[in-house]
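Could you put the whole structure together from the sequences, leaning on the hints where they help?
Protein chains in written order, with numbering that gives the first Met the number 0: chain E, 0 to 219; chain D, 0 to 123.
Bear in mind the hints are in silico, worked out from the structure with no lab data behind them.
Hints are supplied without guarantee of correctness; some may be wrong.
Said to hold, decoys possible - Coverage of chain E stretches by chain D, computed from C-beta distances (three or more under 8 Å per stretch; other residues unrestricted):
no.: 1; region: 42 to 52
no.: 2; region: 73 to 80
no.: 3; region: 83 to 89
no.: 4; region: 104 to 115
no.: 5; region: 190 to 198
Stated by the list, open to error - In silico lysine-lysine, BS3-like type, Cα no more than 30 Å apart, as pairs:
no.: 6; chain 1: D; residue 1: K80; chain 2: E; residue 2: K190
no.: 7; chain 1: E; residue 1: K199; chain 2: D; residue 2: K48
no.: 8; chain 1: E; residue 1: K114; chain 2: E; residue 2: K163
no.: 9; chain 1: D; residue 1: K18; chain 2: E; residue 2: K114
no.: 10; chain 1: D; residue 1: K48; chain 2: E; residue 2: K163
no.: 11; chain 1: E; residue 1: K163; chain 2: D; residue 2: K80
no.: 12; chain 1: E; residue 1: K114; chain 2: D; residue 2: K80
no.: 13; chain 1: D; residue 1: K48; chain 2: E; residue 2: K114
no.: 14; chain 1: E; residue 1: K203; chain 2: E; residue 2: K190
no.: 15; chain 1: E; residue 1: K114; chain 2: E; residue 2: K190
no.: 16; chain 1: D; residue 1: K80; chain 2: D; residue 2: K48
no.: 17; chain 1: E; residue 1: K114; chain 2: D; residue 2: K14
no.: 18; chain 1: E; residue 1: K199; chain 2: D; residue 2: K18
no.: 19; chain 1: D; residue 1: K14; chain 2: E; residue 2: K194
no.: 20; chain 1: E; residue 1: K194; chain 2: E; residue 2: K163
no.: 21; chain 1: E; residue 1: K194; chain 2: D; residue 2: K48
Every residue, glycine too, gets a C-beta built ideally from N, C-alpha and C.
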Amino acid sequence: MSISLPTPNIAHLTEEDYEHVYEPAEDSFILLDALELDAQLIRDDQPTICVEIGSGSGIASTFLSQLVGPSSSLIISTDINRYACEVTLRTAQANEISLNPILCHLLDPLLHRLKSNIDILVFNPPYVPTGMTELMDTQNQRDIGGAWAGGQDGMIITDVILDKLPELLSPIGKMYLVTVIQNKPLEITRKMESKGLVCKEIIKRRAGRELLSVLRISRI
Amino acid sequence: MVRLITHNMLACHVKNCTKDNFPLSFSEVELVIRPAPENLEFIQRFLPKLDWPALVDTARSLGDESLPEQMPDQWTEDQLKALHHVLMELHVEEGNMTCRGCGHVYPISNGIPNMLLAEHEVGR
Chain E
0 MSISLPTPNI
10 AHLTEEDYEH
20 VYEPAEDSFI
30 LLDALELDAQ
40 LIRDDQPTIC
50 VEIGSGSGIA
60 STFLSQLVGP
70 SSSLIISTDI
80 NRYACEVTLR
90 TAQANEISLN
100 PILCHLLDPL
110 LHRLKSNIDI
120 LVFNPPYVPT
130 GMTELMDTQN
140 QRDIGGAWAG
150 GQDGMIITDV
160 ILDKLPELLS
170 PIGKMYLVTV
180 IQNKPLEITR
190 KMESKGLVCK
200 EIIKRRAGRE
210 LLSVLRISRI
Chain D
0 MVRLITHNML
10 ACHVKNCTKD
20 NFPLSFSEVE
30 LVIRPAPENL
40 EFIQRFLPKL
50 DWPALVDTAR
60 SLGDESLPEQ
70 MPDQWTEDQL
80 KALHHVLMEL
90 HVEEGNMTCR
100 GCGHVYPISN
110 GIPNMLLAEH
120 EVGR
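What follows is the structure, encoded as structure tokens:
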């Protein structure tokens, strides 16, 4: 059974916006395609709390909102970049849905309350392998560079979340994570399985020089 | 916009701040009421995720007295509608959220809560 959903409208975003916020590209679209592949599964679960880390343009949060249906889930979108939070809000308005952007690092202010409470977690992380200096600089600048620089194996930021994932997911919880081959998805899978989670690559595609995939990590 | 459903999920995360770090108290708020499509099935499904005393206190601090002190065991449709209004329709556009434990102030501007901390305040 396959469900087809329209791509969110982002025509309101300008060149100027894209100087500060990551413009949706192949990695954004493979994430939407992964969510669409799982649309029936996600709907059947009736997720109550969904969180996207690093929402950028807001395209994935908006897509998720449209997928689960309006007013049927709380969708929280975090970003370390103020401009991204504002753009996420504008993308929600342009698509007539409701998002809740929070300016913060990863999930920091939410960890206290969202333990074992996240039903869907979406993360298209800064996955490009870079030196540690570039990673630290781009995170501190809280601007567009933070959208890609990922440090060693492109995994420094992602690992912070993966280490906490077992305590974050609800009993029906699922995480959708964008990876490139340099992130060593097989190692991620082994690591998550050692924590008692199930990890499955649900879509894989080459885009230019990048071999992209989306992993679904869940309790069951 | 910071709706109360979102506010109920936010805690202070300053290093070593573990006492009274939730809920954050609102001050100097610009409150806007915007009708939201009603989905009472969702509101009901959300009940176990709520910290009820925090929600009641916060709603009252904003002048909304519609919620009962104790979370009802059995909900009437009118009670669920009142809860929908409090959770989904009250928007704090501008203002501050202050930690009752350590006093840290998190500002809200243009409807976006700024929960970033300076490097020396971070507990990670």
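Hint check against the structure, violated hint numbers in rising order: 5, 6, 11, 18
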